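Engineer: Chain order of the listed sequences is V and L. The opening residue of the first sequence carries number -9 in this note's numbering; numbering runs sequentially from there. The opening residue of the second sequence carries number 166 in this note's numbering; numbering runs sequentially from there.
Be aware that a few hints might be false.
[Said to hold, decoys possible] Covered, in the sense of this in silico footprint (three residues per stretch, anywhere, with C-beta under 8 Å from a C-beta of chain L), are these stretches of chain V:
id: 1; segment: 116 to 126
id: 2; segment: 167 to 181
[Stated by the list, open to error] So the derived label-pair ranges between C-beta atoms look like this:
id: 3; chain 1: L; residue 1: Ala181; chain 2: V; residue 2: Pro93; range: 29 to 39 Å
id: 4; chain 1: V; residue 1: Pro163; chain 2: L; residue 2: Ser223; range: 34 to 44 Å
id: 5; chain 1: V; residue 1: Asp15; chain 2: L; residue 2: Lys313; range: 14 to 24 Å
Honestly, the hints are just simulated from the structure, not real lab data. All figures in this text were calculated on a predicted structure; none of them were measured in a lab. Each residue gets a CB set at the ideal place from its N, CA and C atoms; glycine is no exception.
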Amino acid sequence: MPDLRERFRSLDRLPAPDMWSEVADRAEAPQKTNWAFAAGAAAVVVLLAVLVGLQLRSGALVGGPGPSETASPATSAAPTRSAEASPSVEPSVEPSPSSDLAPFTCDLPIMLDAAGSDFHPLVAQDIRVGTHDGYDRIVFEYDGGTPTLELDVAQPPYVQNPSGLPLTVAGSPVYRITLHGATRYDMENGEQPYQGPTNFEPGFAQIVQFVEFGDFEATHNWYLGVNGGECVRVFQLTDPSRIVIDVQH
Amino acid sequence: MVIVAATVSATQELEAVYRQEGDRLWRALVAFSRDPEVASDAVAEAFAQAMRRGSAISDLPAWVWRAGFRIAAGELTRRPMTFDRIPERGYLPATADLDLLHALAQLPDKQRAAVILFYYADAPVREISRRTGMSQLSVRANLSRGRKRLKELLGDTDA
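Bound-form chain V, shown alone (with noise of 0.2 Å):
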């Protein structure tokens, strides 16, 4: 029998498709959207306002949380994801910058490489903010290896991913995170480990608001909007794995 080099040339008959025409559709597209789940999000939008314009009329306040449960005013749309903003912010456990950390730098967009990653994506196992002397710092922490990082500024409008809903963004400049081969999901074990906020608003010297807008197809997106603040310095840490970004005040 053919050794399996050649079984493998066989699939060099199967006729390619030409995608390259799709490939410029879908990078002007502002982001892949997924109208099935889009027209769903807004029924239940429509829904929603029915509901509580009906809660309103009625003055049926009493009992239960209510309406007042669903997203802050600042992110828009789609309760499916209530992102609850979140005042409470605990102390990083993250070291003190050292003369070894990169210094601050304003030239953007940063990428950062993956280290130690596996084949399927990271899942996020925390996700915090805190504010330090000098700085305010995002952790992601995951387990065994952290995802490429890619942080530029965003342009407006700024929109949900796979969605397309639009999405309101506190501060100036915005800046995008964007974590490829990572995930809040772990897909394979049916759990997400991290069950926190994922809108903070924090009122930082510098963080503004920080909110996801996407997690989809093994990338996460965030959304950093910050209080006229260029400069930003990104790093690994090990054990456990992390992702440190610091907006320099």
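Using the hints, position chain L against chain V.
Structural biologist: Relative to the frame of chain V, chain L by itself:
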């Protein structure tokens, strides 16, 4: 404007990579997912993501292969490859080596990716590591196990 010029040349560079790698990546992903639709979606999405990144990617071919496999693997995690989903006759061209595709489908994701990249994409271990995010040690282990299993499944005894 400099930025516009840079974007244009980045797009041209990406198209050159597409012309060189696109078909092979698509076929590798068909072998990986056994689903031309998953392969098409992953190829288009990988190159579109590369295009959005402009000139920020240093090794474009490795990047799009890695992204393509990641996206396809993500898709398979959502809707696992089962024998119920073997494409109907005619869905894959008759020229396809269906025995090979069915045998591949019985390997775990990492073994399957390593074997396809090694035998079809002619990538050496170091390159497979770059394209999958596995360590070189892990590539070697998966390649060795995958090759052995594949030969068993295909009934090749003189391994």
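Engineer: Run every hint past the structure and note whether it holds.
Structural biologist: Verification of the hints:
1. 116 to 126: Answer violated; 0 residues pass the 8 Å Cβ test.
2. 167 to 181: holds (count 4)
3. L:Ala181 to V:Pro93: 29 to 39 Å: 36 Å, holds
4. V:Pro163 to L:Ser223: 34 to 44 Å: 25 Å, violated
5. V:Asp15 to L:Lys313: 14 to 24 Å: 43 Å, violated
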